[in-house]
Amino acid sequence: MQLTLWTYEGPTHVGAMRVAAAMDGVHYVLHAPQGDTYADLLFTMIERADRRPPVTYTTFAARDLGGDTAALFKTAVRDAYERFRPEVMLVGASCTGELIQDDPGGLARALGLPIPVIALDLPSYQRKENWAAAETFYALVRGLAVEAPRDEHGPSCNILGPTALGFRHRDDVREVRGLLERLGVRVNVVAPLGATPAALARLGEARFNVVLYPEIAGTAARYLQKRFGQPSTRTVPIGVAATRAFVDEVLALAGIAPDAAEPACNLPWYSRSVDATYLTGKRVLVFGDATHAIAAARVAASELGFDVVGLGSYSREFGRELREAALGYGLEALISDDSLEVEQRIAELRPDLVLGTQMERHVAKRLGIPCAVISAPVHVQDFPARYSPQMGFEGANVLFDSWVHPLMMGLEEHLLGMFREDDEFSPDAPASHLGAEAHSRSLEVAGVDAAAWAPEAERELRRVPVFVRGRARRNTEAYARDRGRALITVETLYEAKAHHAR
Amino acid sequence: MQLTLWTYEGPTHVGAMRVAAAMDGVHYVLHAPQGDTYADLLFTMIERADRRPPVTYTTFAARDLGGDTAALFKTAVRDAYERFRPEVMLVGASCTGELIQDDPGGLARALGLPIPVIALDLPSYQRKENWAAAETFYALVRGLAVEAPRDEHGPSCNILGPTALGFRHRDDVREVRGLLERLGVRVNVVAPLGATPAALARLGEARFNVVLYPEIAGTAARYLQKRFGQPSTRTVPIGVAATRAFVDEVLALAGIAPDAAEPACNLPWYSRSVDATYLTGKRVLVFGDATHAIAAARVAASELGFDVVGLGSYSREFGRELREAALGYGLEALISDDSLEVEQRIAELRPDLVLGTQMERHVAKRLGIPCAVISAPVHVQDFPARYSPQMGFEGANVLFDSWVHPLMMGLEEHLLGMFREDDEFSPDAPASHLGAEAHSRSLEVAGVDAAAWAPEAERELRRVPVFVRGRARRNTEAYARDRGRALITVETLYEAKAHHAR
Amino acid sequence: MGGWRREPGRVSASLALTRSAAAGCAVAEQAPLRAAEAAPLHESEVAPLREGEIPPLREREVAPLRESDVTPLRERGQREVFCGLTGIVWLHRAMPDAFFLVVGSRTCAHLLQSAAGVMIFAEPRFATAIIEERDLAGRADMNDELDRVVTRLLERRPEIRLLFLVGSCPSEVIKLDLGRAAARLAQRTLPATRVLAYSGSGLETTFTQGEDACLAALVPELACSDSPALLVAGALPDVIEAQFRATFAALGIGQVHFLPPRRATALPPVGPHTRLLLAQPFLAETARLLEARGARRIAAAFPFGEEGTTAWFSAAAAAFGVQPDRRDAVLAPGQARARAAVGRQRERLAGRSVFLFPDSQLEIPFARFLSRELGMRLVEVGTPYLHRQHLAEELALLPAGTRLSEGQDVDRQLDRCRAARPDLVVCGLGLANPLEAEGITTKWSIELLFSPVHGYEQAGDLAGLFARPMLRRALLDGALAPAAPVAA
Amino acid sequence: MGGWRREPGRVSASLALTRSAAAGCAVAEQAPLRAAEAAPLHESEVAPLREGEIPPLREREVAPLRESDVTPLRERGQREVFCGLTGIVWLHRAMPDAFFLVVGSRTCAHLLQSAAGVMIFAEPRFATAIIEERDLAGRADMNDELDRVVTRLLERRPEIRLLFLVGSCPSEVIKLDLGRAAARLAQRTLPATRVLAYSGSGLETTFTQGEDACLAALVPELACSDSPALLVAGALPDVIEAQFRATFAALGIGQVHFLPPRRATALPPVGPHTRLLLAQPFLAETARLLEARGARRIAAAFPFGEEGTTAWFSAAAAAFGVQPDRRDAVLAPGQARARAAVGRQRERLAGRSVFLFPDSQLEIPFARFLSRELGMRLVEVGTPYLHRQHLAEELALLPAGTRLSEGQDVDRQLDRCRAARPDLVVCGLGLANPLEAEGITTKWSIELLFSPVHGYEQAGDLAGLFARPMLRRALLDGALAPAAPVAA
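In order, the protein sequence lines correspond to chains A, B, C and D. To get this note's numbering, take the position in the first sequence, counting from 1, and add 765. To get this note's numbering, take the position in the second sequence, counting from 1, and add 765. To get this note's numbering, take the position in the third sequence, counting from 1, and add 429. To get this note's numbering, take the position in the fourth sequence, counting from 1, and add 429.
FYI, nobody ran anything at the bench for these hints, they're computed from the structure. There are no misleading hints in this set.
Here are some chain A residues the structure puts well away from chain C; computed CB gaps all over 12 Å:
1) ASP916
2) GLY919
3) ALA1010
4) ILE1021
5) GLY1084
6) ALA1219
Here are some chain A residues pointing at chain D (derived, C-beta under 10 Å):
7) ARG1037
8) SER1038
9) GLU1068
10) LEU1069
11) GLY1070
12) PHE1071
13) ARG1224
14) ARG1228
15) PRO1230
16) VAL1255
17) GLU1256
18) LYS1262
19) ALA1266
Just so we're clear, the structure is a prediction, and the values are computed from it rather than from any experiment. Glycine included, every Cβ here is placed at the ideal spot set by N, Cα and C.
All chains, full assembly: derive it from the sequences and hints.
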């Protein structure tokens, strides 16, 4: 058993739903008890979907367990087919359904529906949402893709990975499609998002696959490589440098030469503009799914000039990639799906900026640290009305704004404080854009195990601008601790400052 | 004399600079003392311009006033021409230069430069930035536009108004240009932003003018109407409904029929999505330049379902339009360039949301009220890296996100508070996304002239969720005041509640 | 694993048995016996309406529902409802020193963080002990695992005074005996922390029945008392409880207790002189157990809207012998305020039609309010479960011919809804936006549970919750054509 | 309006005269006479270097600048510099109970809200009384108008203890006598609020000279004192002042005053036994007036970097007869810390070339620091104005052949800069981004004024301010090709 307050990933059947709900012409019958229908609201409320996800639940109850739940399931499949007339039927069980072992695949096939029925075996007690989405997409691709003539209308590719409830998938697809078309590469099929079963059948017509989200499309792409010999892109185009590398990779795979000017992008100039100098060396902790976390760390370090002090992910399946990426910053990757552990790490490292999920945003808010969201799990805020890709050149612009804004707000607070207080007003007022608890908490955390502060040193510390005071306190305490000093004097404060000067 | 803490508009010569800096091939020689060069940093820092504004300042000093400042000016003009070789020279004086009455136009013309020299007469002690930008643009248009054959390559228009340092002008132009081209209307010239003097000469080739910013392009557009008979658009396409009306207007002016599907826009659906229900009737105060304020009020009321409780502008030139718009909401327009007066109005009205300039954002922050910025004066934050138009369909998406986000953060605080405190923790902690002073201030303001609260009524009030407690207090106090009650009891609280129920 | 099929009702029974020992009170001893016999909540028989305790009502404009009308459409099919775990979202707020530990799957954890419509990731007073493969495969002893998890939890949150182990669908199917586990753990954690168990599984509970199960688990813990007292059952926001206390005090009703109490260490007593007043219509099991402990229920309409609130207080007043004069004097100001506040919304809603999907069992009281105080036409009133006895006074106030439905086949219900095209649909979050996209105005129902809507002072707010979506649609329709996906 | 041409120096003279009456102290009486004779700040004659007070210095690696080298390039052309009003941005923070009312135009107000690089619209302790057409046309009496504005201001901000009327270019050109206005207003506002005047006009002051003019306006207000004391002149951040006080105390220098003081009501005294130590190199007029009041200046390099700080403290120590042993013991820990912190930046900067545009008059001390402590090559050191006397000790430390420039023709200076392609350019905000766009790394100079950079403990920070842009360029060049506008 694992004690869980909040989860980064949902259960496996939600992963399957993300694929089914992304597509047209697919229906998913889920053997599940009453209450599991809550998953519908993820789509209708978080993503504001204008239709119910194409899922039928058997919603068996206690009274049914004594009876024939298998019959209930068969009825549900038959009724769903009659009502929705899908091109493909997915069948499976939720965690409770799995325990009653009714064999949804066998039951559904026995009905002899005139459409393909794909049974999903998604072990709920071992696996999680993203793995299941990958498995579901793979099952659909394997079940539906057929041999087809290649590149009939010029060099073409498929875009694989975007699903319902994906973090900015809608806009990433638009951005990457635009990029590919500008390069002269035709987009054969985008899947699962917006694809029909008939479109999946045509996957083989493309020369290569663009894998936007390896967590979801990796398995299917490897299968397509094996089955049709289609190579896949390896670069996820997040950030300017990666987008350029992605373009090079695409041109090589498509066997064409560049023929268009690079689209305008503000990130490089904005990052060099002198108002961005203050970003240099800001200590940033990154946590998210593997793809977004690894990419964010890279962009943070090399395109914004941040200092990556922490890198982690809940995507255990990508442990090797994460450890490798972290090593590049001299770090050990934090691979965990325990949000308490991540919170602990943030509290210890006290970065200047957190790039994380909605969970880290809230943790950072409590700790008084600026934060931007880079990854699922998604919240309604992660489906803005405006065009907000993470990928490509416009995606790089979005990253710049989203990551710099919280820091800029911090700077504004600093300046506001300068104007407002000047000693006589409460100098310890926390930054107003951060949590109200920020200040008290930061002192509290800093105080653990710390040497005592001499009154004049405490006074001197209060002269340090509030914006950097927390770090000055922590650096000094760490310095004193490392040297076994019990009392922190003004001299200690300045010794520590000289020691930490970079 | 007018006591001024902060100004909404800069001096007149800055208005002229915004036009000059927007164009290529124009140079502006400004008779101005040392120190007036500060204006350069508006362009290089706020807008992150990658070149200096094309302005030469004479930077006369005290010692020059005894000597020949006219000679200094002539030298500056001659040197500037030699160094920069512009196609057109603008000459004028800043506020101090105006006082020494050297006649920049006459002096410059006397030099006999081989290019047009346009003298700007921009009275610094009567007028302000936007008026001067309009006047400068008009002077350039009048000086440069020539008769030309109309519509040689199909129905075409000019886009007039965008300048340097404009609020989202860069992106509005891109959005509106895309919209026009989609409709089959060719864009002949965009001016002043990105135009050359040669392009201004070709203005007459278009069938009509699209006036994006009446504050800046109005004068020139009226001149073009008179001189070439070019009609202008009257609708500023901010918001979905206005964009649709703008499209209709353009089609009529171009004399063509619609031939393309309307671009996708998320605002209508997002605004109808049930998670937006809570936006209904939120009390909003709007302040900005006339164009943006009038448009924002309209979008707020009819596309987001807000209740417009205040509408104002610092654009005195558009007083009639503002008063008319305000009447539509049963309001009297606040027309003022005194930021203290605007602050006072916000404090009195205590809206749920302020849509204003950066100044109102700061006022709102101090008062604990969510705010979004809709208008100049610009700040570096108003030049985001990402595509952020205010106009057109994507502009409507941007408005939705920008205006709803502050409210959503407020709601989040409410929920966070619910989870966090439940009585035993400080129930009066201010919302952490707002100013630290928010709470104390709101109580303070509410307490002025108010009746006394009986202890049990005060206790009852503290049971009201913190999110709406401020309003409950104000409504109750207003109710008690109107009825001459000296003591507020629990009954008074609930009478007021029933009275204010909507 | 096929052997994990369970007998219905088994777990709650064992829980009740376990708890009764702790309470140690003569009347309570009998409760578990009845609990063990209880049919599942969905299937209680229809009791005849009791007329005696209905308070006198003023003349209303709509003919009342006759008993013969109460033949709800019963449906079996996909039920688009929450399970009882969802109640934790408000229960943990009602009892700030309690903690809810769901023993279940990743699905349960995911439901809890999604159900409230918000994910704010503050450290909450609920969590899930997620059962893993090694637990199921027997590689780990599940009771040891549970002990380990609870130990870690209590170390981290020593302020917890009451820990609920909450059963889920998986824990029920694998027959994990949480009642026994609670008793075992309590031996270690008492007196600091009490440990109780109840089931919020979707196999047994629908949405608000989770609260019923939770409160029912508290009943055996209540001390015995012979003093006359009023016990108000149902979790209420603090502000409502305060208002109700004030009104009861004004009526002269002395001892008033609330279940749940604000502090788990201050459980109310119960006994033969306890009069039970339900503040919520979904407390079947709680009421049954309290009655088994000697409490006598005061039958009444529920305190929603002016009429319901008046009926509810009047019933209590009658039960406690309050003089009608005094009753009227105490209630009159609140009545007037409620009528004024509701009246303003009535202008918007009168004559409009409404369709309520089954959700919280609050549908029938709300339908009564919508119909009688706001003048709306009831197209269909769905309820996940119809407790005829507790709702007798409500049913009597519904207009004749009202179409009731119990249970659900969501697709067929949607067909009926689309055919009727009501002016307003009250439904869950999974249905609201899809209906909006079809041009049908909706009020999402969970907000009705999360907002303070009981009593006079909130009658206007309750009306406003229904009116706001219609107001919004009217506002937006002026400027924006109904939303429709448009080609890019 | 042609008659509004003014005689240089006239206004400051009249201000000083007005103020002297208030001070009422024998030495001060003579100050205004010299002020009236003073040539404008830009044109003071070059005084011979005084060698006597230079503290002993350790061997350095660069040959020092010989006096014969100090022939700066003098330029007349467009000066890309702030006017003296800009100083208000930090002065109002140094004197929290003072308020700065600029009497000027919309341009002045706009400069103030733009100059700091921030617009935060908190209610500041500065404002502008904007002259309008009706004032100029004589439709309104400007003195009446000013009285009205000041009255409104003091009503709104009763906590103001010291009000500066700050002259601007327009007020100077129209010969508005703010000194007389200040005296007139003070009659009404004293004793609560003192009113003084100075000019921050661009006609007379360049950037930091505004602080000089402001402090100079305070000098006649200082009380007389015969006690020996050290007076440190120059607005300093609180944290620096505290550090300096601590070091002077450790050195045994008893009475230490700072000008400006933190409270306008606590002005330091001055007299013949006052030793003046300048903390900033731009205080020509302030020093002159203090010397006229009897103070004797301690000549020293300025306290930037380890070397400058050591020289500065050593000069004070020598002036106050502190024993060298004690001096060394007190200064050693700070020296060591500063050397360590600066040493780390030296690795990044040594051997790189730097070009300083004229800005704050801090250029020469900074150039000395960059050259001697960080090993940078000085391409050109611009300064708006070169005060040879106050900078004698600094000039002596610059390497031989250093190209100095005084005044500016910004276009020609940019030509020289582009031709030299230095590794780092220190310049104002109007030039920084355009140079960056040309691939030249810049440090914007105003941050050097806004940040605490004096003294040992800030030596590393000061080095860091220069190093950071170069570090940033190195970081970004790895991943991103230099920014260039690309076609869409």
